Amino acid sequence: MARDPSTLRYAETHEWVDVQEEGGDKFATIGISAFAVEQLNDLVYMDLPEVGRTLEVGEEFGEVESVKAVSPLYSPVAGEVVAVHTDLPDNLDNLNDDAFDFGWILKVKLSADLPDSLMDYAAYQKQCSEAG
Amino acid sequence: MVPFAGYEMPIQYEGIVAEHQACRTKAALFDVSHMGRLRFDGDHAAEFLDHVLTRRVTDMVPGQVRYGMVCNAEGGVLDDVLVSFLQTPSERRFHLLVVNASNREKILKWFEPHLADFPTVTMSDRTELTAMIAIQGPMAIEVCKKLFSIDPSRLKNYNAFITDQFKKPVIVSRTGYTGEDGLELIVRAEEAHRVWENVLLAGREAGFVPAGLGARDTLRMEAGMPLYGHELDETIDPITAGLKFGCNLKDRHFIGEEALRAVAEQGPTRRRIGLLPTGKRPAREGCDVLSADGEKIGQVTSGGPSPTLGVPIAMATIDAKHAKDASFQIDIRGKTTDALPTKLPFYKRPPAAS
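From first to last, the protein sequence lines stand for chains A and B. Under my numbering, the first residue of the first sequence is numbered 1, with each subsequent residue one higher. Under my numbering, the first residue of the second sequence is numbered 133, with each subsequent residue one higher.
Please note that a few of the clues may not be correct.
[Claimed, not checked] Covered by chain A, according to a simulated footprint, are these stretches of chain B (three or more residues, beta-carbon under 8 Å):
id, stretch
1, 142 to 151
2, 433 to 447
[To be verified] The list that follows gives simulated cross-link-like pairs (lysine-lysine, DSS-like), each with its CA atoms no further than 27 Å apart:
id, chain 1, residue 1, chain 2, residue 2
3, A, K68, B, K480
4, A, K68, B, K428
5, B, K277, B, K299
6, A, K68, B, K467
7, B, K158, A, K68
8, B, K475, B, K158
9, A, K68, B, K412
10, A, K107, B, K412
11, B, K456, B, K412
12, B, K278, B, K299
13, A, K107, B, K467
14, A, K68, B, K475
Calculated directly from the structure, the hints in this document are not laboratory data. Predicted, not measured: the structure shown is a model, and the values here were computed from it. The beta carbon of each residue, even a glycine, is placed where N, CA and C say it ideally should be.
The following block holds chain B by itself, in its conformation from the complex (with noise of 0.2 Å):
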């Protein structure tokens, strides 16, 4: 057990290539409750969260997922965050933001003075009186399509819906953070322990198992999803770091547009890029990346070995002029080892056989 972000989390259970195997093949449970959890409420919630966030929220319609970005005024990223659109039973609306855990606390100082604008909302910390499961994998679906009052089959990706389970609610999205098919679950706190057995118990005949902080990392790396603090920081736009999906600049206005605006139109000037280090050898974070004639162009943000691939992957942040090159070299502790370019994600899952 390793502390992270105030709460004390298993880097693995049984092994992170193992558990990493698990989730590409059957699939795995997380523990993700360290997550922060913010729900907003009230009139204008909406517009509330649509002025500080990249993405566009006033459009959404109950039930819909987005990811998005907070930006401060210079277009640096304060967090990469998930907003829902949700409606409980009793048709009530709220929007459910899922911030990471390290910018928690950040997160809600940021909102403070620009909630005094939208004096109607209201936005309340569930962080601590609810917990999150992640199930992901090619069998996550399949097997909890009997465990709530809704099968969550008729969701798709990037969308939500509130049921229950022995009539205790629970939040359900299909969405994740591995880059397989699979949910996300919400549940009250005192719930978490029976839900996450429950799912586990459900899940032993296909081969769920447990997984932690390791594999988590493994799996995102290889998804080519981005984590906040090494390919996301306050340094960095997200169009400068490749997601520009995640912003929407056409006739809106929000917090951080002018400067994502700038950069989108002069283009950025940096970039970030997979690399495939040569030889058995990882790359890890802050490594250099040189030019093929050995320049330092940039730094390895996020690296280790590909435990699907069976080679060491890498992604870095270089210099846009270099951001074409054919080959690249990277600084591994002293050593120089040639890297090549490849396209991100490293690794697609197979699409579904339906």
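With the rest of the complex left out, here is chain A (with noise of 0.2 Å):
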């Protein structure tokens, strides 16, 4: 079930949000934008968040590293890490080609509605083109 970029929600800060239901409750899977993956360019290293904690919106989870810098990952939900994608970190070169599907870092329960900052894919088209 490849996912597709059209359908999901963006956070300013790059990641993007795949919203699903699972009986009754709402989860988000969690994971950064091939725009940001091209961005950031030369992946060495990703550091994940523990499962069952809790996050706010806009809240630091994590950070990926290039070979230049270091890049905050934020939180574009709030509620609580009930899954990481731990095979992610050793395998980062494969977030060029696929940062939407093998790309996802981590699944949040919801504890509330999303944000209404996160953008539409249109709108976050329009940031990546401005920030060129």
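Hey, can you piece these two chains together into the complex? The hints should help.
What follows is the structure, encoded as structure tokens:
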């Protein structure tokens, strides 16, 4: 089930969010966009949060590091971390080709609605092209 | 592009790792025009430079290049520099000092009062009239053999000459900041674009690529070379920084000499060391270095992933008492990581197959 980037929501800080309902609860799968991966270039390290940790909107949950610099990762949603993609830090190269499927970083059980500040695909594309 | 010491410079062209690897296996081209270039003419120019540098200048013969430091009276490093003694085809001789871009203004100011004691010496800032291009990598010399009127493979390491390309003068020196063999060219600013394109074209088949500041930093780190503002600043002396080879203390008098002699006799209280953090997470500048039992003993001055070794590397300045410790820890933004000491440089180029 390949994820379609045009159906996802995006944070200004380049995280993508995919919300699914399972058994009455809402879960958000989160990653970083292909645009962000390309901008960062040469990724060498990723730090993941612990399962069970509670995150607020905008809270730093980890970091991704390229050859040149460290970039914090911010939670676009509020909730509890229920899963992290432990295979990802050892396979960061795969992010280049697959930011939206293999590139998922964590799954959060939502404790609140998605913040209004999240952008749809068109708005995010616009932000990226302006950042050019 | 990022602003850097008044210049707009690229962090990368294609990507730091690709540019880094091209330099280690073929060659890379760096626009280093931001580096300051100061020319000294007139009688006693060598004596003046000898007075302000940690390295002996008075015995240099035309064609030689030396690495040294400009220190204040306390031995603190104001800059690290390359001094060349050059001779024009018309047999005019002069000295050229290549200084760090960020220190150029400071050094010009620092020299002024000392120049007053040497009235025959004139200093001219050639930085904006000229451009500087570094060609670094195992293929650099071979590809550049026919680019100038004189074949640069005749140059020994740390030697330089003035030649020409299409009748335009070029200073060619066998120096660099990557740990690879290679050349650094100084040309008139208006010739820079042509020379750059010319070298890229000549090296196209050999795989030459342009490289930015990012690769320049990872390459010099692997080569264990200091960068001003990181390993060096006014609070550290050259001996503590592990650069005693850039100081001649015997039978000389220069600014900072007494302070350096004292450090050399008593031994430095801090040391620069190489560290290999375990795991994949690079330690960056400013991370605290701890002894094996958790005592804070110093700081990382430069650190990052090593594209050649495939692991993180770091240089640190630590308390000299711990310089021989078998293991360390680094506090990487709140998480403690074990680190093993290693000899500098992290990377040494294989001997040339000749």
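Against the structure, the hints come out as follows:
no.	hint	in the structure
1	142 to 151	holds (count 5)
2	433 to 447	holds (count 4)
3	K68/A to K480/B	22 Å, holds
4	K68/A to K428/B	26 Å, holds
5	K277/B to K299/B	17 Å, holds
6	K68/A to K467/B	20 Å, holds
7	K158/B to K68/A	22 Å, holds
8	K475/B to K158/B	26 Å, holds
9	K68/A to K412/B	14 Å, holds
10	K107/A to K412/B	24 Å, holds
11	K456/B to K412/B	24 Å, holds
12	K278/B to K299/B	14 Å, holds
13	K107/A to K467/B	24 Å, holds
14	K68/A to K475/B	23 Å, holds
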